[in-house]
Amino acid sequence: MTNELRLVEAIRQTLDEEMARDESMVVYGEDVGVNGGVFRATQALRDEYPDRVYDTPVAEAAIIGLGVGLGAYGMTPVAEIQFASFAYQGFHQIQQHAARMRSRTRGTLNVPMTVRMPYGGGIRALELHSESFEAGYAHIPGLKVVIPSNPADAKGLLASAIRDPDPVMFLEPTRLYRAMRESVPEGDHTVPLSEAAVVREGEDATAVAWGGMVPETLSAVEASDASVEVVDLRTASPMDSATIVESVRKTGRCVVVHEAPRTGGLAAEVVARINDDALYHLEAPVERVTGYDVPFPLFAREDAYRPDSERIRRGIERVLSA
Amino acid sequence: MAEFSVEYVQALGEDGAVDEDEAPELDDESLRETYRLMKLSRRADERAVALQRRGELGTYAPGIGQEAAQVGSALALGESEWMVPSFRESAAYLARGTPVHRLLWYALGMEEGAEVAGSNFPPSIPVGSQSLHAAGLGWAQEMAESDEATICYFGDGATSEGDVYEAMNVAGVLDAHTVFFCQNNQYAISTPRRIQTRTETLAQKAVSAGIEGIQVDGNDVLGVRAVTQDALAKAREGDPVLIEALTYRRSMHTTSDDPTVYRTEDEEEEWGTRDPIERFERHLLETDVLDGESIAAIEGEIEETLADEIDLAKAGREEVDPAEMFDYVFAEMPPELRRQKEEWKSENERGGKEEGFERDE
Ligand SMILES: Cc1ncc(C[n+]2csc(CCOP(=O)(O)OP(=O)(O)O)c2C)c(N)n1
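Chains as they are written, first to last, in the numbering used here: chain D, 1 to 322; chain S, 323 to 683.
For the record, the hints were derived by calculation from the structure and aren't laboratory data. Note that CB positions come from ideal geometry on N, CA and C, so glycine has one too. Zero decoy hints are in this set.
Here's a subset of chain S near chain D, in silico, CB distances under 8 Å, partners left out:
| # | residue |
| --- | --- |
| 1 | Thr381 |
| 2 | Leu430 |
| 3 | Met432 |
| 4 | Val449 |
| 5 | Gly479 |
| 6 | Glu483 |
| 7 | Thr519 |
| 8 | Pro644 |
| 9 | Val651 |
| 10 | Leu659 |
| 11 | Gln662 |
| 12 | Glu669 |
The following block holds chain D by itself, in its conformation from the complex (with noise of 0.2 Å):
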């Protein structure tokens, strides 16, 4: 059984399935309550669960730091930061104890939460509610990063996230959160964490790209005569560098995409494991579309910035003409 749902429409659900399965889950954050998320993702959820859902203070450092003693006490922490610029303000909790906890304790105390939240560019917002920080969580050890791409992997991925023991930053990206209306598994539904999916096969080159930039690299592919496979990351760490290699071995060509910022993007990391294990099979340079080493414009700007299909399509003819 299927039913179509929109990105955030399987948030929800997701959020409010996995509830009913494991009663020590909590849902808090600011305006995930009576408003319901300002992005609506827990629409009615505090209904259902009414000693399971809370607002709470503008306070980030305490949303993230409460997750560590909820976790601790054995319950199922999943935060929600309403923008994923507003992390920082919760930073040192993330970096200096949830992602660690396990690993100074050799084990012995495990920070089980999911922190979800918005992120990523392209739908005319406010300063500072755009940005895509990913590979800054990727830097962090002892972190998972997840990013959906999609309503069905936005579920799977998302009840794996809150079933995973360790910390999960869970990156929603906004522009697609009412994009699209697609089928989504009902019942129990998981997509595993650090598995990468080849969303579309090919044989002349490879377009690796996550979250909101996979229907942009998806469209400039599509409307190319190449033959382009497309890998959705899925999971920026611990990243799945099985599926890219294979697939690079496979094409010999390939063009890495993101939003953020291009120094120190996670394109570099994509780009330094096909040296690792693929680099004889290059048949030319790795090309990478991304943002640029700007902060993220304001909206009248903002075009300019994001990586489009356009774009996309001119990096995936680079590679395919070198």
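Here the structure of chain D is known, so what remains is to put chain S with the ligand in place on it, guided by the hints.
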């Protein structure tokens, strides 16, 4: 053990009665200007929301209902003293002489709207974070032995952020010339003040930072003016103050918000009867500072100003050059960024649709 109490000030009552002990001394011209600014802000907000509804503006945070709190406090500040706003301070900016089109530019997604003109910081989106900048400015004023001060705006929700407590605490320790002006408009998006903190007032948070805290009726522009003048006088001597202005956000949180989800019409109507502009207008009419004719003249002038300013804003939007996003990242553009800018220009100047999509083997 320390004991404390929190003073509450009101100069202009809801019934229009003025408490002469509390009211500031202002001549008729200042009173009219205060009124004009409050009205200008109200109309600018209304026009901005309407523009947003027509798709001509981005997300906008109106300050409708908070005009007394903002105009009253901002007018107490000297021109070269610093104002550090949050994201809902259109009225304060207007009182500081910022033209409407600059506020609209920011809401049109243009960095041009965040350019600093006068001693005003740009808007600050991350809740409460700007309070530390105000503490820094106030500390600098102390070190420079300046007789000036800094005012910082934030909301009730912001008082839950660690930054705000840190700011008040360091300001106290460092004798910073800072006034922390909290507009308690009863909501942080959907979250009511009562679940923001268990303390009875927000003003008493000053106690834990060792600075003075005071409450004022935030819908009473005279009371706000007087309390802010006093607080600034103390801050100029190195004694920071937290002011909690009790007010109400009469409109939506931002144009993306739907308040009917989390509050009742009854509540909105009740606060409507305490509207700061109506209260002040009644007072000015009763004391013959204004009459029907002068109000109509002010209103006419405001509509003209807004029409011109909206045109200016739209004209500016037409001029936006996206390539400028590369220009202000550093004082000197690094080579890789220059390369990215050149690449952007070459791709966008060619119009994009150049080569085909064949493989070249
Ligand atoms: C650090 C941070 N967290 C969350 C948000 C999202 N957000 C924007 S405004 C707001 C509520 C702020 O309430 P308050 O401080 O009372 O100011 P008001 O909006 O009422 O003027 C929230 C949670 C943000 N902008 N920054």
